[in-house]
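> Sequence:
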Amino acid sequence: STACPGGFLTCSSGGSGSTATDGTITLTLTDAASGASSNTLSAGKPLTVKALVKDASGAVVPNVVVTFATDTTLGSFDPASGTALTNSSGIASVNLQAASLASSGAATLTVTASVAGKSLTQTVGYAVSPGSVALANLAANSTSLSAYGSTSVAVQVLVNGAPATSSQTVTFSSACDTAGKASITHSVSSVNGVATATYTDKGCAGSDAVTASVQGASSSISLQVAAPQASNVSFVSSSPSSIVLAGTGGEGLSSDSIVTFKLVDSTNSPIAGKAVNFDLSTRVGGIKLNGQSSGTVQGTTKADGSVSVTVTAGTVPTPVWVTAVLAENPAIKSQSPNLTISTGRPTQDRFSLAVGTFNIEGWRRDGTTTSATVYAFDRLGNPVPDGTVINFISEGAGIGASCTTISASCSVTITSGEYRPRNDTEPSGSVTNGRVTILAYAMGEESFDDGNFNNIYDAGETFRDLGNAFVDNNEDGVRQAGESEIAFGKSGACPAYPADGRYANAPYSAGTCDGVWGQAHVRRVNLVILSSYVIGTVSPSTFTMPGCMGSFTFRLSDENNNPMPAGATLTMDSSVTYKNDTGDTVKASVGVSSGSASVANTSAAGGTFHTFTVEGSKCQTKPVGSITLTVTSPSGNASSQTITIN
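Quick note: the sequence shown uses the numbering used here, first residue 21, plus one each step.
There may be inaccurate statements among the hints.
Unchecked claim - When the alpha-carbon atoms are kept at most 16 Å apart in a straight line, the in silico EDC-like pairs for lysine to aspartate or glutamate are as follows:
(1) 607 to 635
(2) 138 to 42
(3) 510 to 534
(4) 201 to 75
(5) 599 to 579
(6) 308 to 276
(7) 607 to 593
(8) 599 to 635
(9) 510 to 485
(10) 138 to 75
The hints are simulated quantities; they were obtained by calculation from the structure and are not laboratory data.
Produce the entire structure from the sequences given, and follow the hints as far as they go.
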């Protein structure tokens, strides 16, 4: 092959290792924009390279693939493949462009093609000079935008003072875009020397400088973006949603609630810096708003659109709500849900303890469970605040240490196991085993009779003094040595229990009262029986028939004279017979009466009562014989005893 001589603009020859009789490639380099001959390119000013392919006879060759190659650090092709197909005139062309704005030097362009099985090659030299890039003034389709509006911004890219003919990458940015309050197309490739980006407002609300930059050159324009208009103020939260009367707070309780609202526009985006006026639905008892006893208070929305106000409880329990009104447009307003102001403490007269199943199969069996549930209300019967802590202790077995209320109640689990109480007495004074006393208690207040209905204890009003709570192991209402006690630090005389029996299961230790109304441990005790599946007593166990048929009742208890496990079933297997009217000996009909076929849920000492019937038909003799009574516990354990029928 041979290089073009002289000015490196146009040349032709045969292929490498070939002669002109093999065919020729003639190269022409021209400025892509002007068409003038040139062998120098720079960024934005590409050259057009044309290759004319002829065969050995000098005829042009169409539809031949021509390949163009060069040093890729200095030049590149359009198309990027560097290949082109000759047209009907035998010409294939590509654009040769600078690899980058900084490209500089000289390189060789090599062109190859295959004609009639012969490879033709031609080369030409060219120079690359670095380009100088500048940006014209940045322009916007509109420099004034409505809230959340969009506009296009465009800039002309100049290379060596002329519009760029090759694509250049331009970067766009703005302060609001960086802050997340607008969006703009960040990277744009120029087309015909112009780079165009789209700007969209996301709450910029003010002046925003948009900047375009490329290769150290930059251009800016200022856009004026209108502020969004508020369309809604909405309630967010009350924390907490229930507060207690001033001066009655305890652990986990508060007399203050922070009520939060949020101001947004039509797109639900937050609006900052707006004044919101707050007021209360009632001021009864001296409820305060941001420490003020009357009048509206004002707050300013934050960047997230939120604005808060503090409600402080007064001296009267009541529901209350907060109203929020946009100062500049009173039509935009909202209110919170009810905020509950309560006494915050359970009172003794409204504190209850329930047991799910009293008589569980727990004397000879570990792991049987039941529940203990407390219901706690304040002096007006309102639920105590969620999260009020209730504590539990027990005489025996196992019990959850505490629970926290939700909607005035909470529960713990009681589980059978050691310790199993022995040698206790029950209310009749008899000594027994397996009766477990449980105590539930919480910080609360002594109950009083509110004579003037002002929801506040006034001097002289009747109240029921409380001493130390204790676990009444023997169920006699009097603390004995060895019975667990919850001290409260008082040491005065205690009154007698109310005659109406309301404190029969709310015992207190003698000498631990103070004669002053106030806080105390509210409490209740209840029982769980660790029942045995072994029959202890069937009494009576012998019955005399009054005639051909009879109905009989017996007492059934376990080996500790307690009820057998709740839900245990009773069945009878009979050998009772009689002679009928023909003199034949036949079996009598024997069965446990409806309602007596299972053991009830009860803590009564002495057990449960059950009825059965014995019935003959056309008897010559009364039915007599024996019945095997079998009691089967919920776990499947069975115990039997004989009943005699005379």
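> State for each hint whether it applies.
Against the structure, the hints:
no.: 1; hint: 607 to 635; result: 9 Å, holds
no.: 2; hint: 138 to 42; result: 7 Å, holds
no.: 3; hint: 510 to 534; result: 6 Å, holds
no.: 4; hint: 201 to 75; result: 66 Å, violated
no.: 5; hint: 599 to 579; result: 37 Å, violated
no.: 6; hint: 308 to 276; result: 9 Å, holds
no.: 7; hint: 607 to 593; result: 11 Å, holds
no.: 8; hint: 599 to 635; result: 12 Å, holds
no.: 9; hint: 510 to 485; result: 11 Å, holds
no.: 10; hint: 138 to 75; result: 10 Å, holds
Checked against the numbered hints above, the structure violates hints 4 and 5; every other hint is satisfied.
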